[in-house]
Amino acid sequence: ELRHETKYNPALAAYSADLQTIEAQIALCKTALAKMGMQVGAMAEIDTDAVDLPEWLTQFVAQWRLCHPTARLQFTLTPGTCRIVHSHAVGQMLQTLLDNARYASAAGDTTIHVSLVLQARAALIQVTDAGTGIAPALLNRLGYEAVQSTSGGKGIGLMLAFATARQIGATLALSSAKSQGTSATITLALA
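Sequential numbering of the sequence shown, starting at 783, is according to the working numbering.
Treat the hints loosely; a few may be bogus.
[Stated by the list, open to error] Simulated pairs of lysine to any residue, SDA-like, Cα-Cα distance not exceeding 20 Å: (1) Lys812 with Val899; (2) Lys812 with Val867; (3) Lys960 with Leu920; (4) Lys960 with Gly915; (5) Lys960 with Ala919; (6) Lys936 with Leu859; (7) Lys936 with Ile808; (8) Lys936 with Ala902.
Keep in mind that the hints were calculated from the coordinates and are not lab data.
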């Protein structure tokens, strides 16, 4: 509708580039959501099998390291064993969190910390970066609405990660202190 209006209203011509960017973002979102919908439908049966979380997470982190050889990643596991379901969904969330941590890390310090803490009825996966942190006003909006980031992102990945967490009965929480980086914690019920 806006594209149509720009043809007939010369005052809106100045916004043509912005409109083009918005249209491109909408197309990307539609494509991503369509793919996710197909994947969810196709994997509904597959993703209900319980997997050993420490083993699965170790393999996931190893694969991520192969794709990002310049990123330094420290990985800590609490001793023990546990099982979770929805490993594919957890992997999608982790991919977003690790990629965001890599983008946010300060120049020269790309160390990302990943830890797994096992509790009696839950497992906590935490991803922490050494970036500049997130302003409190922005932190409260992340995961719930599109936001402009300093790295050029729009916050859509986090919106999808938060939605995925809700869909599988997990929680995703962000915490940040100025100049001290950001931590993202996924809390999963054990199978």
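Compare the structure with the hints numbered earlier in the document and write down the numbers of the violated ones, lowest to highest. 1, 2, 6 and 8
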